[in-house]
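For the record, the sequence lines run as chains A and B. Okay, so the first sequence: first residue is 0 according to numbering that gives the first Met the number 0, each after it adds one. Okay, so the second sequence: first residue is 0 according to numbering that gives the first Met the number 0, each after it adds one.
It is possible that part of the hints are untrue.
Said to hold, decoys possible - Pair by pair, the computed Cβ-Cβ distance ranges are:
| no. | chain 1 | residue 1 | chain 2 | residue 2 | range |
| --- | --- | --- | --- | --- | --- |
| 1 | A | LEU118 | B | TYR332 | 51 to 59 Å |
| 2 | B | ARG476 | A | LEU118 | 41 to 49 Å |
| 3 | A | PRO133 | B | ASN435 | 56 to 64 Å |
| 4 | B | THR109 | A | ALA113 | 20 to 28 Å |
| 5 | A | THR65 | B | LEU319 | 52 to 60 Å |
| 6 | A | LEU118 | B | SER659 | 57 to 65 Å |
| 7 | A | LEU76 | B | TYR332 | 52 to 60 Å |
| 8 | A | PRO46 | B | LYS782 | 43 to 51 Å |
| 9 | A | ALA113 | B | PRO118 | 20 to 28 Å |
As the list claims (entries may be wrong) - Sample of chain B residues facing chain A (criterion: CB under 8 Å; computed from the structure):
| no. | residue |
| --- | --- |
| 10 | PHE26 |
| 11 | ARG27 |
| 12 | MET28 |
| 13 | THR29 |
| 14 | THR31 |
| 15 | ALA145 |
| 16 | THR149 |
| 17 | THR172 |
| 18 | ASP524 |
Derived from the structure by calculation, the hints contain no laboratory data. Built from N, CA and C at the ideal position, the CB exists for glycine as well.
Chain by chain, the residues:
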Amino acid sequence: MAFALTAVVPATIFENGGYLFQVQGTTFDVSHRFNVHVGPFGNASDPTCYSGVPEQGDVIYPWTTTKLRVYSPLLDLAGSPHKVYVIDLDTSENHALGGAMAVAHRDFKSSVFALRKALPISWRTGPRDIDLVPPT
Amino acid sequence: MATLAEIGLVQAFTEAIGEVDSEIGGFRMTRTTAVIEDGTDLAGVYQWPGGAATPQVVLTDDTSDVVAGDWIGFRTDGQLWEIDVLVPNVSVTLLNPNGLTFPTDAGVGTSFKAVTTFPVETTHEWPSAGTIALDGVVYAYAGKTATSFTGVTHVAAGATVVGSATAHRDETTVVDISREWSALDQVRRATLVNYAEDTDLDAVGHNVGVDRVRLFTSDDQYRGVIKALAYNPRGTILGLTLALDALVGAGNYELYEDLVNFPNTVFIILTAGYTGAASAGSVYLTGPEWDDLAGGQDTLVLGATPLGIEGVVLYPMDELFDFRSAKPSAVLYDYYPGAAPNNAFGYSGDEAEGTAVTQVPGSHTEFENTAAAGHNVWYRMSDPQGARITSESFAEVGLLMRIPAGATKTPGNPFQASIWIFDGAFRIVFGVDGANAGLLDVGAFLGDTFVLADDTWYDVVVRKYDTRFVELWVNGRLITRVDYSLFTTAAAGNHTIYFGMLNNPAVGMEMHVKQIGITHRTPTDYWNARGLVGSVAAANPARFNANTGGAIFIAADVGKRVQLSNSAITKVPSGGNNNGIWKIDSLVGGPPSDIVELIGDDKTGADILDVTNHPKRITMSDDDEAFTFPDDLGQQIVLSGSTLSNDGTYTIDKLLEPGSLSDFASDFDTGDQITLKTNVCEVTVALTATESNLDYHLVPTFENEAAALDWELSDAGSIAAATLTLRQGLWVNALIMEIRISNVLTGQIQETSVITNVASAPPPPHTYEVYPFYLADPLGLVKAYIDAITAAGVIPEFGIEG
Numbered sequence: 000m001a002f003a004l005t006a007v008v009p010a011t012i013f014e015n016g017g018y019l020f021q022v023q024g025t026t027f028d029v030s031h032r033f034n035v036h037v038g039p040f041g042n043a044s045d046p047t048c049y050s051g052v053p054e055q056g057d058v059i060y061p062w063t064t065t066k067l068r069v070y071s072p073l074l075d076l077a078g079s080p081h082k083v084y085v086i087d088l089d090t091s092e093n094h095a096l097g098g099a100m101a102v103a104h105r106d107f108k109s110s111v112f113a114l115r116k117a118l119p120i121s122w123r124t125g126p127r128d129i130d131l132v133p134p135t
Numbered sequence: 000m001a002t003l004a005e006i007g008l009v010q011a012f013t014e015a016i017g018e019v020d021s022e023i024g025g026f027r028m029t030r031t032t033a034v035i036e037d038g039t040d041l042a043g044v045y046q047w048p049g050g051a052a053t054p055q056v057v058l059t060d061d062t063s064d065v066v067a068g069d070w071i072g073f074r075t076d077g078q079l080w081e082i083d084v085l086v087p088n089v090s091v092t093l094l095n096p097n098g099l100t101f102p103t104d105a106g107v108g109t110s111f112k113a114v115t116t117f118p119v120e121t122t123h124e125w126p127s128a129g130t131i132a133l134d135g136v137v138y139a140y141a142g143k144t145a146t147s148f149t150g151v152t153h154v155a156a157g158a159t160v161v162g163s164a165t166a167h168r169d170e171t172t173v174v175d176i177s178r179e180w181s182a183l184d185q186v187r188r189a190t191l192v193n194y195a196e197d198t199d200l201d202a203v204g205h206n207v208g209v210d211r212v213r214l215f216t217s218d219d220q221y222r223g224v225i226k227a228l229a230y231n232p233r234g235t236i237l238g239l240t241l242a243l244d245a246l247v248g249a250g251n252y253e254l255y256e257d258l259v260n261f262p263n264t265v266f267i268i269l270t271a272g273y274t275g276a277a278s279a280g281s282v283y284l285t286g287p288e289w290d291d292l293a294g295g296q297d298t299l300v301l302g303a304t305p306l307g308i309e310g311v312v313l314y315p316m317d318e319l320f321d322f323r324s325a326k327p328s329a330v331l332y333d334y335y336p337g338a339a340p341n342n343a344f345g346y347s348g349d350e351a352e353g354t355a356v357t358q359v360p361g362s363h364t365e366f367e368n369t370a371a372a373g374h375n376v377w378y379r380m381s382d383p384q385g386a387r388i389t390s391e392s393f394a395e396v397g398l399l400m401r402i403p404a405g406a407t408k409t410p411g412n413p414f415q416a417s418i419w420i421f422d423g424a425f426r427i428v429f430g431v432d433g434a435n436a437g438l439l440d441v442g443a444f445l446g447d448t449f450v451l452a453d454d455t456w457y458d459v460v461v462r463k464y465d466t467r468f469v470e471l472w473v474n475g476r477l478i479t480r481v482d483y484s485l486f487t488t489a490a491a492g493n494h495t496i497y498f499g500m501l502n503n504p505a506v507g508m509e510m511h512v513k514q515i516g517i518t519h520r521t522p523t524d525y526w527n528a529r530g531l532v533g534s535v536a537a538a539n540p541a542r543f544n545a546n547t548g549g550a551i552f553i554a555a556d557v558g559k560r561v562q563l564s565n566s567a568i569t570k571v572p573s574g575g576n577n578n579g580i581w582k583i584d585s586l587v588g589g590p591p592s593d594i595v596e597l598i599g600d601d602k603t604g605a606d607i608l609d610v611t612n613h614p615k616r617i618t619m620s621d622d623d624e625a626f627t628f629p630d631d632l633g634q635q636i637v638l639s640g641s642t643l644s645n646d647g648t649y650t651i652d653k654l655l656e657p658g659s660l661s662d663f664a665s666d667f668d669t670g671d672q673i674t675l676k677t678n679v680c681e682v683t684v685a686l687t688a689t690e691s692n693l694d695y696h697l698v699p700t701f702e703n704e705a706a707a708l709d710w711e712l713s714d715a716g717s718i719a720a721a722t723l724t725l726r727q728g729l730w731v732n733a734l735i736m737e738i739r740i741s742n743v744l745t746g747q748i749q750e751t752s753v754i755t756n757v758a759s760a761p762p763p764p765h766t767y768e769v770y771p772f773y774l775a776d777p778l779g780l781v782k783a784y785i786d787a788i789t790a791a792g793v794i795p796e797f798g799i800e801g
């Protein structure tokens, strides 16, 4: 049965990826596999979202018949708000929701920098201080 | 929201060093995307006119870089005014609600506008209004866009100022200090709780020990409670806020702390809106009312006839009076909840208030002796206005003051700028003498002093601890602590607070004040009657004389309790004294009379457990605190109801520790100020037989003590309809009293489940022998959850508004 997309919650997400969001719609077949893409083009060439499930990669199983739960990829600020493109891998049915996902510049958390500073210097943790994060 | 990277990193770290140690807290941060100036120079030439017009029209030749709503000022002046109306390239009309004085510049110099918008990389998920910090400066913002904070203000010299305090470079870190969550909190919250629903949410909650109960009417409410309880973020107040938002809804409660007076206590008040909607039946056992004293300083009128009075106290105060926008004589406050606002202070001085006291709006109030030497300028809070302080009170008066440079101080005159507290017994004074300041006796400093610099604001706090000592704190630092008895005695009946310039300040003496905070509370319960000169004598060992000269006890006092304390004698050889709590058995002479016969309560449960091995020992099995050591040593105990010849009157010789049965007198000196409770005594004469459950009562055996005993008669006041009359009047009428009343009959636990309810009086109103009642506790589940989430050492206190 054909599915439809209605909304994305939340409608604004940080650029640096890994954030949980819901794609809401109707009639998702819970036994089918889906891919979700977010980007300027509204097709499979946009960055792919993650399932958050170990070894499941970017294959999404619907949470309910009306919700998909995915984790965002690294996104580009340019071109925001982006389209959300969903494809049923088992039937090839696909739909796109235009202008659904606004992208915000990431913010930072002091505890993350504190944790990074505490780890061994040889670990590639990323910038250990906010001043070392290059501006965009 | 948390990222996968952060989840993995923090999860690994948590497993490595443990969850508690991982809770290192944190703040959300972003960065500015442009330089933030401390004001933007304006292109136009503004002709600042001086004066203090409200509003003010300022001519200018260029308005291209301003709009209505901007705040502008003149660089060398530094003050800011809001643009109300703009006539392009002609003029701007500035609002001046506080009557500030405009600069003059005659066209020379630079005007500027405040920078109230800070551009940043993102404000996504930041609070819509809140508090941020840049380069150590704290700002408040009133709004935000996706990439900026708007309506930014900061605090300088105690006042809120629009715009930035200083320049900040591009890419300055902006820290959210609005009490938000740490990254670890957000990680914990990250997945299932935010999106689980119905039975999925039940499973999530159950897994973390928070089961759904009927109190939760929606998934969102239950979700909020799970997050608050299971993932309690750092900060007790934030955790409680989250739980209460979920349980009762934002706006339906108040949450506050008073860390100075009640440390480790959080106060939670549910507003009437919540309780009215949620309760199925509300029972209020006690509720305070307030009234001002009238009649012979002894009469209070309630809103309705009460069933019982729990107590009558001087209504405590905890108020801050602000003089930045009004003179003290113009400051109003509610004398008690629901009262119409009334004056806090009255002016006293040798000059008209209009000349001696001037207001600097938004800043402070100035006192100045402008006319002649010796002209005082001061304000007084009278006892009816709120200075209802007694020697038993805890009282604190905190004045934010300064002496400006150029003020003509008189060395040797420490009252020229002073604070006075009269409590009806002593006069507690703080004063400034030249450069030194401190607490004062008649004219000499008591304890340590401090050097008071000119033109410097000081937060001076005088704190009186009943009759023990007085402390002086300045700017949060304890300067000195002085014994209360060292101060000068004052007339009884003088209960006032003064502050200002008294006692002949010189012409040109000045004092500036911003605010005064007054806190006091008095534990004395005026529903009781009391005195300090009671006497007893061995000739009549159960008799007490209050020595009031006014025949204080009335016929209705028979059966009421009298507590005797502060006995200075030690009975020989028993080691007891004349302290104790007794029941009035009868009046001697009168009524009314100053003299009563006292007796102990009738009780049961006296056991003689082993007359063979301990022939003098009696144990009170029904009352763990039947005796007080050392007070009851030497008192008599009367046994009755015995069938084995144990009836009689016995003298208490020893009191034994309940567990070890060791003699208290061997471990404690009867002269120490320590009282202990027990239910085991030994009498001077052997008893007859082992026997249980005898009736008994104590009888006092006073020894001579003349005019030195403190005494207190409970429930001494009288009720007639809605009018209360205190047995002893206070010192003046119009004092605000707080009356704790009860209007509900107490519950009864019945022995059988079949109740025959008999009407005991014809209607109206219907009165019965047994009253059915319903208990509803809208706070119950809320209390249980709040108690669960507060850490040991944090004490939630609950109350219902109104």
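- prompt: Hints broken by the structure, by number, lowest first?
  reply: Structure breaks hints 4, 14, 16 and 18.
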